Amino acid sequence: MRKIILSLVLTTLLISCKEETKEKVKEASKAVGADLKQAADSAKVKAKKVLDSSKVGEKAKAIIAKGAEKVEQGAKKVQEATKK
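Counting from 1, one number per residue, gives the positions in the sequence shown under UniProt numbering.
Quick caveat, the hints were computed from the structure, so don't treat them as lab data. Since the structure is predicted, the reported quantities are computational estimates derived from the model, not experimental observations. It is possible that some hints are incorrect.
Unchecked claim - Once the Cα atoms are required to be at most 25 Å apart in a straight line, the calculated BS3-like pairs of lysine-lysine come out as:
(1) LYS48 / LYS66
(2) LYS49 / LYS76
(3) LYS24 / LYS46
(4) LYS44 / LYS66
(5) LYS49 / LYS37
(6) LYS44 / LYS24
(7) LYS59 / LYS49
(8) LYS44 / LYS59
(9) LYS59 / LYS48
(10) LYS61 / LYS48
(11) LYS24 / LYS37
(12) LYS44 / LYS22
(13) LYS37 / LYS48
(14) LYS37 / LYS26
(15) LYS66 / LYS77
(16) LYS76 / LYS66
(17) LYS44 / LYS30
(18) LYS22 / LYS3
(19) LYS46 / LYS59
(20) LYS59 / LYS70
(21) LYS49 / LYS30
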């Protein structure tokens with residue numbers, strides 16, 4: 001009889017602890033998600049300010065455009081090579 005009661009008590013404790021842990025994990029994951037979103041948003045704002053306020057933004061746009069052209073040329077070459 002003692003073993004049955006003891007096993008019921010242990011099972012009850014384990015179940016109640018498991019539920020509390022799940023709640024804590026959910027709360028922690030929400031908090032981390034909110035922190036990451038806020039950090040990403042602030043990083044975006046800072047990056048936009050730097051790019052908009054300096055000549056680096058203009059140079060970066062030109063470099064990106066040239067890089068895109070090179071990628072397109074490479075893709076065309078690969079397409080032509082696969083058609084042969």
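Against the structure, the hints:
1. Taking the CA atoms of LYS48 and LYS66, the gap is about 21 Å. The hint holds against a cut of 25 Å.
2. For the hint linking LYS49 to LYS76, the alpha-carbon distance of about 36 Å lies beyond 25 Å, and the restraint is violated.
3. For the hint pairing LYS24 with LYS46, the CA-to-CA distance comes to about 33 Å; that exceeds 25 Å, so the pair is violated.
4. About 24 Å separates the Cα atoms of LYS44 and LYS66, which keeps this hinted pair within 25 Å; it holds.
5. Taken as a hint, the LYS49 and LYS37 pair is honoured in the structure, with Cα atoms around 18 Å apart against an allowance of 25 Å.
6. About 30 Å separates the Cα atoms of LYS44 and LYS24, which puts this hinted pair outside 25 Å; it is violated.
7. In summary, the hint linking LYS59 to LYS49 is supported, as the alpha carbons are separated by about 15 Å, within the 25 Å threshold.
8. This hinted pair checks out: LYS44 and LYS59 have alpha carbons roughly 19 Å apart, not beyond 25 Å.
9. A C-alpha spacing of about 14 Å is found between LYS59 and LYS48, which places the hinted pair at or below 25 Å, so the restraint holds.
10. Under the criterion of a C-alpha separation no larger than 25 Å, the hint pairing LYS61 with LYS48 is consistent with the structure, at around 13 Å.
11. Distance check on the hinted pair: LYS24 and LYS37 sit about 20 Å apart at the alpha-carbon level, within 25 Å; holds.
12. Distance hint between LYS44 and LYS22 is unfulfilled; the C-alpha atoms sit about 33 Å from each other, more than 25 Å.
13. With a C-alpha separation of about 17 Å, the suggested pair LYS37 and LYS48 falls inside the 25 Å cut-off, and the hint holds.
14. For the proposed pair LYS37 and LYS26, the alpha carbon gap of about 16 Å is at most 25 Å, so the pair holds.
15. The suggested pairing of LYS66 with LYS77 holds, with an alpha-carbon distance near 17 Å, which does not exceed 25 Å.
16. A distance of roughly 15 Å separates the Cα atoms of LYS76 and LYS66; the hinted pair therefore holds under the 25 Å criterion.
17. The suggested pairing of LYS44 with LYS30 holds, with an alpha-carbon distance near 21 Å, which does not exceed 25 Å.
18. A distance of roughly 29 Å separates the Cα atoms of LYS22 and LYS3; the hinted pair therefore is violated under the 25 Å criterion.
19. At roughly 18 Å between alpha-carbon atoms, LYS46 and LYS59 fall within 25 Å of each other, so this suggested pair holds.
20. About 17 Å separates the Cα atoms of LYS59 and LYS70, which keeps this hinted pair within 25 Å; it holds.
21. This hinted pair does not check out: LYS49 and LYS30 have alpha carbons roughly 29 Å apart, beyond 25 Å.
Of the numbered hints listed earlier, those contradicted by the structure are 2, 3, 6, 12, 18 and 21.
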